[in-house]
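Chemist: Sequential numbering of the sequence shown, starting at 4, is according to the numbering used here.
Watch out, some of these pointers could steer you wrong.
Derived BS3-like pairs (lysine-lysine); straight-line CA-CA distance at most 25 Å [stated by the list, open to error]: (1) Lys267 x Lys234; (2) Lys110 x Lys193; (3) Lys63 x Lys110; (4) Lys63 x Lys167; (5) Lys167 x Lys241; (6) Lys167 x Lys193; (7) Lys193 x Lys241.
None of these hints come from the bench; they were simulated from the model.
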Amino acid sequence: MSQSKRVLVADDNRVNLMLLQQMLRSAGYDVVTAEDGEEALEAIQRTHPDVVLLDIMMPKLDGLEVLQHLRADPELAATPVILLSAVDDFETVARALELSAWDFLSKPYRLAQVTAAVESALAAEEEAAPREAGEGTPHGPVPGFRAARQALEAARRRSQEDKKDFSCITLAVQRNAGPLGESRFDWVQKQTRRVDEALAGHGHAYGLGAGGSVCVLPGHDAEEAAALVGKIRESLGKDASAYDYGLAVYNPDVSEGMIARAIKDASPLA
């Protein structure tokens with residue numbers, strides 16, 4: 004790994020910042036640090052790092068707001084951004100996915116997981132991302148995140164080339180719903196595998212932590228996707244009532260992302 008590779012780390016917790024800085028420097032990276040979102044954005048614009056590590060909960064600008072600014076800047080839009088956060092609710096992870104964050108690591112993560120995410124971003128090892136989300140642990144990389152991002156990017160390209168719709172379905176676990184005697188995280192991963200099997204030939208489902216899943220359906224319009232919601236509910240059986248279901252069709256002319264629209268319009272479909 005070339006020592007010229009630059010990583011920017013932003014975290015308002017100075018202990019976390021120091022640990023990440025020391026670890027990355029010991030791995031041979033040139034490290035730039037920032038303690039709030041505005042400082043991070045200015046440093047990114049000034050230094051053009053190869054990879055950015057952003058804590059989500061920061062003053063002035065949070066990590067998602069910094070990421071949104073980067074995606075709107077033609078010179079910085081392609082910069083890989085890894086988000087680090089103790090906040091891993093479904094809407095937060097889905098928003099990060101919509102903004103094409105490279106990866107999302109839930110705290111408490113292991114420092115080795117951060118190094119692996121940085122190395123992966125630098126190597127652009129997309130083929131290493133698992134297709135399904137039924138792997139992993141509640142801490143560290145969100146299991147289905149990178150695979151879901153890869154699927155969304157591929158579906159957008161295909162939609163633009165073929166001039167055909169593609170849709171997404173969101174499954175957000177209701178606040179008081181979920182398993183008895185089983186971790187919520189493991190339960191969501193198990194349900195995601197069931198949904199993925201039900202979508203065979205249509206698309207795939209990706210678990211986004213303990214909060215729910217997103218399904219990517221290339222080439223499917225709203226009517227076709229709506230029919231698949233029924234198939235998903237059937238595959239989940241009695242567990243179907245634990246979710247709010249959202250659906251949206253990709254529209255490049257709408258500023259609000261499709262996943263955000265799906266979550267906003269979600270309902271239990273009772």
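Chemist: Now tell me, hint by hint, if it's right for this structure.
Modeler: Checked hints:
1. Lys267 x Lys234: holds (22 Å)
2. Lys110 x Lys193: holds (22 Å)
3. Lys63 x Lys110: holds (21 Å)
4. Lys63 x Lys167: violated (40 Å)
5. Lys167 x Lys241: The hint is violated at about 34 Å.
6. Lys167 x Lys193: violated (31 Å)
7. Lys193 x Lys241: Distance of about 14 Å is within 25 Å: holds.
The earlier numbered hints that this structure contradicts are 4, 5 and 6.
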